[in-house]
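The hints should help you fit chain W onto chain P, whose structure is shown.
2 protein chains.
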Amino acid sequence: MTDDCHSVGRGGGATRSNSSVADSSGRRSVPFDGAEFLTDMKRMSAIGATAGGGVQRLAASKEDGEVRDWVARWLREHDFTIRVDAIGNLYGVHEWRPGAPYVVCGSHLDSQPLGGQLDGAYGVLAAAHAADRLRRQVVASGETPMYNIAVADWTNEEGARFQPSLLGSSVYARQMTADEALALVDGDGISLREALAGIGYLGSHDVPWPPAAYAEVHIEQGHGLEEAGIPIGLVSTNWAAYKYEIEVIGEQSHTGPTPMDERKDALLGAAHLIIAARTLADELAPEVLHTSVARVLTHPNSPNTVTSHATLFLELRSPDVDVLGAAEKLFFEAADEVQRSVEVKLIYRQATKRDVLHLDRRGVELARLSAEAIGLASMEVGTVAGQDAIAVAGVTQSVLVFVPSTIGHNEREHASDADLVNGVDVLTEIVTRMCHGELIDSEEDGAAE
Amino acid sequence: MTDDCHSVGRGGGATRSNSSVADSSGRRSVPFDGAEFLTDMKRMSAIGATAGGGVQRLAASKEDGEVRDWVARWLREHDFTIRVDAIGNLYGVHEWRPGAPYVVCGSHLDSQPLGGQLDGAYGVLAAAHAADRLRRQVVASGETPMYNIAVADWTNEEGARFQPSLLGSSVYARQMTADEALALVDGDGISLREALAGIGYLGSHDVPWPPAAYAEVHIEQGHGLEEAGIPIGLVSTNWAAYKYEIEVIGEQSHTGPTPMDERKDALLGAAHLIIAARTLADELAPEVLHTSVARVLTHPNSPNTVTSHATLFLELRSPDVDVLGAAEKLFFEAADEVQRSVEVKLIYRQATKRDVLHLDRRGVELARLSAEAIGLASMEVGTVAGQDAIAVAGVTQSVLVFVPSTIGHNEREHASDADLVNGVDVLTEIVTRMCHGELIDSEEDGAAE
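Chains as they are written, first to last, in this note's numbering: chain P, 1 to 449; chain W, 1 to 449.
Okay, chain P solo, but in the shape it has when bound (with noise of 0.2 Å):
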């Protein structure tokens, strides 16, 4: 491999090894090297590896751990300084400007169970890469940002061990506090204050505050890229999304003796509400309302003793809030038959109740022209799922983009190398660009404070 290689890829197809790339303004001098990010990818996802090709790495287990002390002694390394704040978000700080605000840019390093390499964790990684690729050319050209910059590992932004997901951006965006969050506990009854301690992530340190804007990168999960071959996508809106967790209680009794008639079963209630939210996508839209239960927790859970005790985890999604109130009344009137039919009772919870999205255009502009500067191809898209730029936009400009790949929370997710690398090369732009002030309006500098 060299490091004279000028060329820009476009599109999907070929990989490029080694890139320099300038802007418009003539800014870039030092080269980046794909390869050496695509090796440190491979070396990261070796960190909760599993038999299927994926990682498991669910939010402050050893796993997290493991693989934030990997990130935490790459950052060192490259001349960033380290700083846990108090929900275990873990930030990889350069200031140039003391007491200047920082461009923030990252993801998360936490996983499904039995989650892809790349979800989240690659995020981080190319935010790494970024801001280091931005610091050899301060350092090359000698040209002072007007921001600082940070590289954020958010907590638990899956969602899957502690629940609501986004939790370590929404406590950073001041949605929640740190100990409304750290008060959460897993299935097993572990606070989150707890597991972070147990992996020595349990930080004081502050933030860093105020925000310039934040960045992230992110594999779409979706077919909307590969399908229009654009390597680039620039994501303009989240869907709404209503989250709830229903209880439905029902009677403990004797599977064997008790007269089919007298039972009061929470696990068939719970059936007949799984079937009723798939029901609503099937009839109602299904292209544009996604709806589904994917966890249920049931008591005594034991095989030979009616349910008493069931609660479920439901999700409904659109980029419409009309749809979505549709297929909230409908759905409420389906489980009141339920609740009727079964003899069970219902209490709502309402976990989630997240608006349309639209993330701030000029973020959507800079990262049009950050992609057509490098000269890669790109367009708008949604996103269903919500990540931690969506959190993060409550508080500053904020800029996601995706590069393409299909399925997700899988172990087998995927995005070819030159996807990848694209991405990270992006990502440089868009973060360049921002810390010298380009696109920011002053106005938004701050916005929380």
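The set of hints was computed from the structure by calculation and includes no laboratory data. Where hints are given, some of them may not hold.
Claimed, not checked - Below 20 Å or equal to it, Euclidean Cα-Cα: the simulated EDC-like pairs (lysine to aspartate or glutamate) are:
hint : chain 1 : residue 1 : chain 2 : residue 2
1    : P       : Lys264    : W       : Glu287
2    : W       : Lys264    : P       : Glu287
3    : P       : Lys264    : P       : Glu337
4    : W       : Lys62     : P       : Asp188
5    : W       : Lys42     : W       : Glu63
6    : W       : Lys329    : W       : Glu287
7    : P       : Lys264    : W       : Glu283
8    : W       : Lys62     : W       : Glu194
9    : P       : Lys345    : P       : Glu245
10   : P       : Lys264    : W       : Asp282
11   : W       : Lys329    : W       : Glu245
12   : W       : Lys264    : P       : Glu337
13   : P       : Lys62     : W       : Asp188
14   : W       : Lys264    : P       : Glu283
All figures in this text were calculated on a predicted structure; none of them were measured in a lab.
Frame of chain P; chain W shown alone:
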């Protein structure tokens, strides 16, 4: 309370604090103290007591160990020798004729999660009191019985923590080996061997063998006796039961972006199967077909990841194997349709295939005569649920009697004091007759040898 009350209570109305009853041979002379039994029952129920008035003493748990210790102490204090066998069955043995077969009486101390005070524990304490009454009678009368006596607490009858149920009694009845049973693991991956060792009940003593006969008293957990106003049920049949573990295999993916028509949702498949099981009973014959799914395990059980694996524990029970066969066939047909429509795969593992069991008529007759001798009305009943007496019936004449109680596997499980004392009295009469060789056909002695 006095010791000189010799009247005999009839039916479920009167509480008999003391009773001394004589069978036709005039063998009895020791007064029986019902109040003492009820006091012991209260003491025992304090172990693992729950806020809702029940107990939680899962098999081989700390609480199971505590209640075993309590019963073992009681037995030692009443001149019984303690033995613990390879599967953790706890015996209190009293020998009059070394080398002679044993009349065994007992039940189980393990409970369901949030179970009732009486299910199993009542039968063990009743057996301890009945055996001790006989022991005292023998001392008073000087008439040495033909057979020795053993009180038994059978390990893991419930099948709540370790599947299948009836584990200790099935090992005693040589239907499975101790090694097979000890290798079973609970939902947390802890083996029965480890769990028993943890509470000090992984034994190596000889079992009381050969059995001359077996007797057990249990609460009915149904409406038959209560509705008939009869205090003693003579169990003559046990419903057949087919039990399956069904694995539903889908594909893990993201509940957000994954298009609805690409999902292979194992939990959705499971929901259809749960409803299919219930529909069978409703449509075929709910009086003679009881169906249930009461335990479900899912993976990854994360709110935002489509379920890849769900395991269901299905039970089909009927007093008629033809009904059961028809139900099983219809279930498989419905399940095939679920496989197609939800795009999941199903794997079946049959855990239990129990035919209708007719208990030995001579035992039913012995129980009827015993109730009659002490002035209690009785009626024949069937048992839907399996009991240890059903497993032991495979190796010896086994007698099972019920006392009235309605709801089972529930903290609110209840029987009147009078009915509980009646049950102890009948059991005393039964084991007395058995130990003196009454109604035991000599061909049946040590039948399984």
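Run the distance test for Lys329(W) versus Glu245(W): straight-line Cα separation, threshold 20 Å. It holds: about 16 Å lies between the C-alpha atoms, which stays within 20 Å.
Within 20 Å, alpha carbon to alpha carbon, are Lys62(P) and Asp188(W)? 18 Å, holds
Restraint status (C-alpha distance of Lys345(P) to Glu245(P) at most 20 Å): 14 Å, holds
Would you check the hint for Lys264(P) and Glu337(P), treating anything up to 20 Å between C-alpha atoms as holding? Given pair Lys264(P), Glu337(P) holds - Cα atoms ~14 Å apart, limit 20 Å.
Within 20 Å, alpha carbon to alpha carbon, are Lys62(W) and Glu194(W)? 12 Å, holds
What's the verdict on Lys264(P) and Glu283(W), does the C-alpha distance respect the 20 Å limit or exceed it? Distance ~18 Å between Lys264(P) and Glu283(W) Cα, so the pair holds.
Hinted pair Lys62(W) and Asp188(P), Cα distance within 20 Å: 18 Å, holds
Hinted pair Lys264(W) and Glu287(P), Cα distance within 20 Å: 17 Å, holds
Between Lys264(W) and Glu283(P), is the straight-line Cα distance small enough, at 20 Å or below? 18 Å, holds
Are the Cα positions of Lys264(P) and Glu287(W) separated by 20 Å at most? 17 Å, holds
Proposed proximity, Glu63(W) with Lys42(W) (alpha carbon, max 20 Å): 16 Å, holds
Quick one, are Lys329(W) and Glu287(W) close enough, alpha carbons at most 20 Å? Distance ~19 Å between Lys329(W) and Glu287(W) Cα, so the pair holds.
Checked against the numbered hints above, the structure breaks only hint 12 and satisfies the rest.
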